[in-house]
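J.: Listed below, chain by chain, are the residues.
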Amino acid sequence: MKRSRKIALLTMGVSSVALTACSDPKVDSEIYSSVQQCIDQSPMSDAECKANFAKAQKSHEKVAPKFKNQAECEAEFGKERCEPSRSYAQSNGSSFFMPMMMGYMMSRMMSGGGMGSQPLYRGKNDPNFRTAEDKKVGSRTGRVGVARSATKAPTPKYEARKPNRRYATGSEKRRSGGFGSTGRRTSNGSSRSSYTRGRSFGG
Amino acid sequence: MKRLKITPRHDWQQTAANHGFTFHTPDNEEYWRENICYEFTEREIEDDLEDPAEEIEAMCFDIINDVIASEEALEKLQIPKQHWDYIAWTWQQKHKNIYGRMDFSYGGAEQGAAKFLEYNADTPTSLYETAIFQWIWLEQAAERGLIPARPSEADQFNSLHERLIDAYSRFEIEGMLHLACAKDSDEDFVTIEYMEECAKQAGLKTHKIFMEDIAISENKTFLDGEQREINTLFKLYPWEWMFREEFAEHVYDSGCTFIEPAWKAILSNKGLLPLLWEKFEGHPNLLPAFFDGDAKASSLNKVVKKPIFSREGWNISIIDQKKPDETIHRDGPYGEEGFILQEYHPLPNMDGAYPMCGVWMVASQAAGMLVREDANLITTDDACFTPHFFKS
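Chains as they are written, first to last, in this note's numbering: chain V, -11 to 191; chain H, -6 to 385.
Take the hints with a grain of salt, since some may be wrong.
[Said to hold, decoys possible] The calculated label-pair distances, taken between Cβ atoms and stated as ranges, are:
1) V/130 - H/206: 52 to 60 Å
2) V/14 - H/82: 50 to 58 Å
3) H/78 - V/39: 43 to 51 Å
4) H/62 - V/14: 39 to 47 Å
5) V/36 - H/196: 28 to 36 Å
6) V/59 - H/39: 32 to 40 Å
Since the hints were made in silico from the structure, they are not lab data. Even glycine gets a Cβ: it sits at the ideal position worked out from N, Cα and C.
If we strip away everything but chain H, and leave its shape as in the complex, we get (with noise of 0.2 Å):
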């Protein structure tokens, strides 16, 4: 794995915009960066991450199999009592998930494994950016001799696009897909714009929907905008938040089927950090994490806490249980559910740059992969989408 210095298309920003791709550069700060960009080898993205993010996919299942049957792991979850059975019954019923991003800390082979930092495994973004993007810089990239691969051995860990129709065409929808997002996010709502574009590929029809506009009919069944019912909805909006919610309630008679579905909301939970540190302890790509307030934390010299719920970055701090003066903190709105504490392992420093390998799952396998570098140790929205490529 390499960073390299490389020119940017000289077109790139129109050709961003002849895409679609409209959060590029964000209030004027920088997101898509491409005067650099990661090489890897053929055998770190196959060894060191497809086939990790795999195995780890399979040991989530385990361990849903145990907290949809454990009480304590319900409530040390955070999850609302009421919703249990639903995700449970979420879960028994085989209810198809579409997508999620599992992020590690990955520095090349010579560095050792890579440890899985967390699993965005419910309403992961960035999406439309590595699946077209990134790949069509990479075909413009060799093809103008800007990176050091000829046109026929550059490759990129990336069949996202072709998953996901393939995943829709599997999903036997009946009727339409509603596809839901927040108001006031550019981002999420490209993001429900490439979704929608992969389903209408796979032959669904769709329907573009936000969050706040979803109504419930006198019979309890959620309506969108024209009075249709919403059967199934693609909902780009977390279920912790969504289990908090007025219509919480609803969800489990509503008839509607979600995706991502509920289940997810346990391996979206921070909670499966330690969760599978108990069951798989030891594991090369695992790193030794606890419940806040678990005894054996104190055996680990540095953590990052991590509120169970939390994203971007937001109200994480390093701590350095010997010098707890020198933390490191991102402050923020989250915390309130509690925390968990994971050994601290750097993200490798490449020329001050602390990249971040988040591999995208689509339907359970892996499909592809971003890098998003920082220039602090706390990957946030700052940080910028580069690149990727190897040579095959």
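Excised from the complex, chain V in its bound form (with noise of 0.2 Å):
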């Protein structure tokens, strides 16, 4: 067989049938800015707040985001949001820069149910917290459920990273039509009468 089950349900077309939202599977988490806010907040033990905040500080070091000078890194982090790194440098000698740990995370892991700490950051004008590996895990602290994708153990990061600049949020000003105007050349803005407009722009 080529198709190995019938057609699900259709959101498409006069007969659609509504599809529940079938949600990314959550793992359960806390999110603190400090080690205090854990002490006030977590139903967990003092020493597993600190514990875990000095779990996460260890590994910063090594898996946030690295870059070659510290405008870089301000450009998607802020102002005096930055650090030089202190054990990690660039192979011309000088100092990566990489984020301030401004929170952690800790998460039941998927097997031998361990708990997980890793730091989080934030970008600039963005209130949500990022983990190492840019992905985003919301701006609510305390216990928090977050998508399995983004609880995993952030990679040792050893090198520069290109600027990008997916932190800053949007702004009033907008500019739009930036794209789009082949497919109106194409479609019929020609001179020519020979040929019928396509049916689509794809093919």
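The two chains are supplied separately, each in an independent frame; assemble them into the complex guided by the hints.
T.: Structure follows, in structure tokens:
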């Protein structure tokens, strides 16, 4: 058989059947911006709050995104939100810059039942926490559900990252129409009348 | 492979309406045609179409590795220089692809190997009717005895629907998937609606937008109509057009991940055909092909001249190099960027119709097929979609 099963529900067309939103698998996690907040709010013991913070802080040096200079780091993470790496230097001898740790996230591990703890960062003008892997985990602290893919242990980073601007949020000044001009030109802007408009811009 | 005259379902128009298939008879011209269907053998499907398509996909990946390392090749493909780094980056970062369609000339096992005509690797359409409406036809036609196959044995080269859902579930998309096409095309809109359907079934949050309405923020991120950042965009809009438009300069730095990724611009380009022939000359599924102006092309008697960028058969010529007066040509808007020449290999003539077999790839695996037949040798957007089946 080329098809293993019947076609499932369709939201398209007038016979459409609404789908129940099927959510990403969530993992129970706790997010805090400081040890003190954890101690105040978490059902965990003070010792656990401290141990997990230390664990996140230790991995921060390794896993934080690295930039070749302070300006590139601050462009994404904001003024005075970046620090030189103490443990890793670039091949030219100068320090990497990396965002400061703005919080930490503890998640139940998938296997073994242990607890993972990792550092969190915040982009410039962005209320969301992000992992060192650039995965958004929301702006709330306390006990939260976090998409499983975002709770994976972050990888070490020993090279400077190309700056990107995705941390910055939209602004009130919009400009649109920078895409789509070829489609219009090809479909009906031509002076030639010998061809009719195709049904599709695809092919 | 046989062309069968069969009885259409009496209620197929109603069924189409019920399933959102709105363009089956655009401008009163037939597109969906079910008084004809094609019957294949399982061996024809598996050995002559499915396996070669996956082999060609692997060969295409070899070509990409070559092209991104070669300025000469990038120039031949007419890819603007300012986008070379970006294309290479999306390949090195392994940005995932979701779909494509390889078009073959194939007339059944007796007529020899399927010949690869071109790769609609970036913006293929006809997806919804292949995946859904063709499958519904198979079930109903077998059930009602309209085809010579019992329901228990009637099968179709078509796992598109579940493969698409599976592929989306592996994309690891953070936040929302935006899907975009150009305004004023029902067919394109149905394609992105169907893609949205599959993405939703894979658990993703989605939002549709027109290409013309994508905005840029002061921070050079792309925004939708509600000021939300576009982090992942499925765009049914060709890369070769995007590269030449105003927002092209922001593509690299926008932080947006595109589906199809920009490396598909190498495969959707007709220049792929001479590059494949150069590297894999003599492969049974390839036709000799050369860039226009290459002296080696003179060895071919009859050639098909195709623009580097072209869609739906526009600006394609069939030229007998000894009798240039007898050129068959479809005039149109493409061709500024140059041409390639491919050895002429006519589509099979079956009762006066010329069927073309399009093999769908999902995440680089062969996942289904459409057959479109035209009354002419150059398949255009007038070609009719004819369903197919085989017995398993």
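J.: Using the beta carbons of residue 14 of chain V and residue 82 of chain H, state whether their distance is inside 50 to 58 Å or not.
T.: violated (32 Å)
J.: Taking the beta carbons of residue 36 of chain V and residue 196 of chain H, is their distance inside 28 to 36 Å?
T.: holds (32 Å)
J.: If you check the beta carbons of residue 62 of chain H and residue 14 of chain V, does the distance land in 39 to 47 Å?
T.: holds (43 Å)
J.: That 52 to 60 Å hint for residue 130 of chain V and residue 206 of chain H (C-beta), does it hold up?
T.: Check failed, 38 Å falls outside 52 to 60 Å.
J.: Note whether the CB distance of residue 59 of chain V and residue 39 of chain H lies within 32 to 40 Å or breaks it.
T.: violated (57 Å)
J.: Mind checking the hinted window 43 to 51 Å against the Cβ distance between residue 78 of chain H and residue 39 of chain V?
T.: For residue 39 of chain V against residue 78 of chain H, whose Cβ atoms are near 45 Å apart, the range 43 to 51 Å holds.
The structure fails to meet hints 1, 2 and 6 from the earlier list, while all remaining hints are met.
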